[in-house]
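Protein chains: 2
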Amino acid sequence: MSFSPVDSLEVPLHKVNISDAFWLEYQRLVKDVVVPYQWKALNDEVADAEPSHAIENFRIAAGQSDGEFYGMVFQDSDVAKWLEAVGYLLAKTPDPELEETADRVIELVGAVQQPDGYLNTYFTVKEPQQRWTNLAECHELYCAGHLIEAGVAYAQATGKTRLLEIVCKLADHIGDVFGPGEKQLHGYPGHPEIELALMRLYEETGETRYLELTRYFVEQRGVQPHFYDIEYEKRGRTSHWNTYGPAWMVKDKAYSQAHLPVALQTTAIGHAVRFVYLYAGVAHLARLSQDQEKREVCQRLWENMTQRQMYITGSIGSQSSGEAFSSDYDLPNDTAYTETCASIGLMMFANRMLQLDADSRYGDVMERALYNTVLAGMALDGKHFFYVNPLEVHPKSIPFNHIYDHVKPVRQRWFGCACCPPNIARLLASLGHYIYTQRPDGVDINLYIGSDVEAMIGGKPLRLKQSGGYPWAENVLIEVDTGEPLDATLALRLPDWCASPQVTLNGKPLDVAARTSRGYLRLTQEWQKGDRIEMTLPMPVTRVKGNALLRHVAGKVAVQRGPLIYCLEQADNGSELHNICLPQHAQFRLIAGSGIFAGKTLLQTQGKRRTSNHAEQQPLYRFNPATEEAVPQTMTFVPYFTWANRGEGEMRVWVDEA
Amino acid sequence: MSFSPVDSLEVPLHKVNISDAFWLEYQRLVKDVVVPYQWKALNDEVADAEPSHAIENFRIAAGQSDGEFYGMVFQDSDVAKWLEAVGYLLAKTPDPELEETADRVIELVGAVQQPDGYLNTYFTVKEPQQRWTNLAECHELYCAGHLIEAGVAYAQATGKTRLLEIVCKLADHIGDVFGPGEKQLHGYPGHPEIELALMRLYEETGETRYLELTRYFVEQRGVQPHFYDIEYEKRGRTSHWNTYGPAWMVKDKAYSQAHLPVALQTTAIGHAVRFVYLYAGVAHLARLSQDQEKREVCQRLWENMTQRQMYITGSIGSQSSGEAFSSDYDLPNDTAYTETCASIGLMMFANRMLQLDADSRYGDVMERALYNTVLAGMALDGKHFFYVNPLEVHPKSIPFNHIYDHVKPVRQRWFGCACCPPNIARLLASLGHYIYTQRPDGVDINLYIGSDVEAMIGGKPLRLKQSGGYPWAENVLIEVDTGEPLDATLALRLPDWCASPQVTLNGKPLDVAARTSRGYLRLTQEWQKGDRIEMTLPMPVTRVKGNALLRHVAGKVAVQRGPLIYCLEQADNGSELHNICLPQHAQFRLIAGSGIFAGKTLLQTQGKRRTSNHAEQQPLYRFNPATEEAVPQTMTFVPYFTWANRGEGEMRVWVDEA
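Just so you know, the protein sequences line up as chains A and B, in that order. 1 is the number of the first residue of the first sequence in UniProt numbering; add one for each residue after it. 1 is the number of the first residue of the second sequence in UniProt numbering; add one for each residue after it.
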């Protein structure tokens, strides 16, 4: 097989070397802790964690082991995400032992592939006659998508095409099965993912049939008569999931964003992860097919999602039922679902939107999701994970009120439905894809992460070295290194939280406002070795207020510094966080953290606490009480992403303003 | 049959004539609208309402009609509650036509009774072999309890003992089936109710076997090995309810307050209606059996319920899952369940506690439940009902967020599970039972409801005439009328909301504090015709604050005047009630209502509204916004019990204090 890749706007990972302290630690965690830990988990070698059985499923499907399939219908995807993460790691640092392990897994995957290209352990082991009979519920295309992503990543990293060939054969099989032909299925996935994967496969291989297959899946979605109903009748009304009643996933088509054709959708709806995965694929398709209508759909839905339905932590999905969006301006803090995977998908969608259009609104959200919800999804030890990321937690109440059934007050070791941990691993391992966008005429700098990058501009290399103290300090330095002088545009995102960014070029202040469009400072000129861009992104502690229509945060304030949202924890501030108020003009002090906060900046200020002495001896209600007394209290805020690393306790992001 | 009633502390209804405008209107509604409407509903003659089929079930069970049982396993109880309400109505006003209808229903009920006394249409029609095999789930004893209450009420009202005889035969059958004997079942109801009913039957008949049966049910509860498990195994692990998984009602024993013996229970737990029904019966039993241990259990649980888990509206049950309590100080306003029936049961429990001990803590809660949640359960037209009574409603969000699945923004005509409407009817029709407690040595006045009463004190009549402007005005006049001078104690509840009650006796001011114990002003003396007690219960608008541990109302205030909690509605105040703030020192004006508020007092004050101009065009979050602007806004508060009588709109009880 030989491929002719399409020029990608992603810089290949081996050309991005992350070098700053903050992110090196995460790179280390992923490599030394998360990926090895997940390998153990996939092999059921983690004590006290729910079993995965994912590797064993492959062995059974390959005929190398006896036994029954175990786990979710999408269990294969955990192996795929692990392989993808390994690919990203190997792209940066050779690791023969890890590579050998991965190669063995790839051979195992290959052994499961059927002669016609089909590849899925659930159906191969459990229901070989039922392939492709339940698109709405059974995740075959979703698992295929993840495997395709792994194949692309592994080929890019190692140059080895074995997995890429496997997934091309799988994709070609899917292309045979699905399509407008009389003997083809006119279906599309219940859980989108393959759309964005096929677009990556298209970029990697240059094979337009993968782009066309993406287009088919996207345009077929929501067409009437509805495919989910047709296949439901055809298979005799059987249903895989009955959580909310028989065949609910078939019936609740908005859950899968299949209630309407994509072109007619106007609001972020249904399962949040499905939503962002789908539109990441649509945005990629829109760009590479120059499809203006799809581009506008993406923009419209992006606006609804981020300006009506997103939490300040860059998380989405305000209800546990259906792990779903609810409606405009309905963002409860304590019952939120706000899945880690949804914020990862949000970053993927954001990155595709940035590639479509370097507008800081996309980069701002991508950064917000990354530094807050995505990082919060993993403990500082790299071994415990949050699936659900509320903005307010009262642990004492959780076990007794069903509205909190989905909420965990501390991170768990692994999940029966283990989508989030490997998703965090692959996201962090591929972070280089998000920092820069390389264009034919220049480079966009989306994230301020210390790193060296070599981008290709019109066939010529442009090397940038980014350094600074982000996210803790306001200085960013970008040094240019180019063999010969090069005409190019460097576009630097100016973060939404930064009121007055200052930039100098070779020591000369720039008129930032004049040279900024759509939130990016755009510097078009001839660049040469030694050019230095120095940015100052002042990071005073910022108070964030919600839109007047956000009833859950009325009268409350969130605290942000740089890209980081902060929160109050019981460990620093005592219990009853609801009684602590932030005075309107309180001044903050920056505190250098220690212990697990070493290298991190905490915030302190003088707040007030409504007195609650002997509250348990007081009546439940008081009539005409004397004016409430408040006592001074030092308020200590820690970065939201670090919460719950010290055991169970109350936490809240939105604090009463006094 | 001849009976020797036990002296009751309840004044018979025909000796209490309610005469004030506020309550006469409700008496009229119950008589002219609710009971006739419910009669139609029971006969499936209400268009657009869910069918009841309850009367038809009796016809089928009596062999007078063909067909299948339809409805809940406790459908019979709706007929019983209707009969009980009719009994209360007939006690006060003869109505030959209504009485004839009721007599026909009673004959129908009698025709369903089996030769051994068994009486239940569900089991007779659907599962005749399965009688008494599923106490945990199937409500046979609950339905029997309601029928017993109806039998007592109807006999007291009409002197006709036909239904009383039927229910005695039923109770005797139950006494044969249940008990400590080897061939008896050692069980007790999954849904308590029969306990309080049997105590009423004991009072009415003087037959101590009914008290003993109550004691058996109460003391058997929660004993190990657990009866629910034993019967579950015996019937082959079948389960009637699977809402939260197979046999959840069998397994979740706290749901039925059967997780522990009553003597060991320490917290209000599980299904709120079951809880208050059970402990109403236990309190009654404790009093009539002089059982100090049970009395202390009741006191302990009362304290937990009312000082840790009760809403300011006198409602209980903070979660929809299991229609249940959650935990101490966990009282969310918008996701509350707060079932109307639970507040009715709370009144029953309170009344029994008052009979045990005239302590105003019980009367205060009884009044709070009555004037707020119970009245709110029914529309001003008497034809629409709330099952769930939240303290905050945002109708736009309800259809899209599952945490609101149980919430209706406006009252419904009838329910498939129709426990609440007939429960309201019987409560309002028997209100006379709650106003006064008649004791051997005097009368307690628990509620200030304009009425004439004749109590028997040591065999001699003491007549009181109560009048005044309650709940709108502060004056209460109690005129004594007694044939000959009579030594007695009149005990007048001093409401918790009233800071400085003033009382004169025949024009002479009394030292209220000195003569008050446990919240009742106790006047012991010789009373004679013409004695006048004039109370002034000043009703300034009162601000209510929550205990410091109530996180959902931190920084918020509720508004009460007299016994009435007020609320903001969108109809008067516009949308976004979360943006309206009550200044700390705002003065209120009383406003005479008009239209549906005619005769009612509304409250107005000058508040502030956080500006939200063009909020939909504003960003979702703002960084370091200018100090928030607020514009003056007239705030209009309406009594909570009147909310949602003008269509759908936002409502909130707890308002931000500015």
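If you're looking for bench data, these hints aren't it; they were derived computationally from the structure. Hints are not guaranteed to be accurate.
Because identical chains share one entry, a pair is satisfied inside a single copy or across any pair of copies.
Unchecked claim - Calculated cross-link-like contacts (lysine-lysine; reagent style DSS-like; alpha-carbon spacing at most 30 Å):
(1) LYS396 to LYS253
(2) LYS253 to LYS608
(3) LYS251 to LYS396
(4) LYS556 to LYS160
(5) LYS408 to LYS600
(6) LYS465 to LYS508
(7) LYS15 to LYS253
(8) LYS40 to LYS383
Hints versus structure:
1. LYS396 to LYS253: between (36 Å within a copy, 21 Å between copies)
2. LYS253 to LYS608: neither (48 Å within a copy, 43 Å between copies)
3. LYS251 to LYS396: between (37 Å within a copy, 23 Å between copies)
4. LYS556 to LYS160: neither (54 Å within a copy, 64 Å between copies)
5. LYS408 to LYS600: Within one copy only: 25 Å inside a chain, 47 Å across chains, cut-off 30 Å.
6. LYS465 to LYS508: within (19 Å within a copy, 93 Å between copies)
7. LYS15 to LYS253: Neither. Shortest intra-copy (42 Å) and inter-copy (62 Å) distances fail the 30 Å Cα cut-off.
8. LYS40 to LYS383: within (12 Å within a copy, 63 Å between copies)
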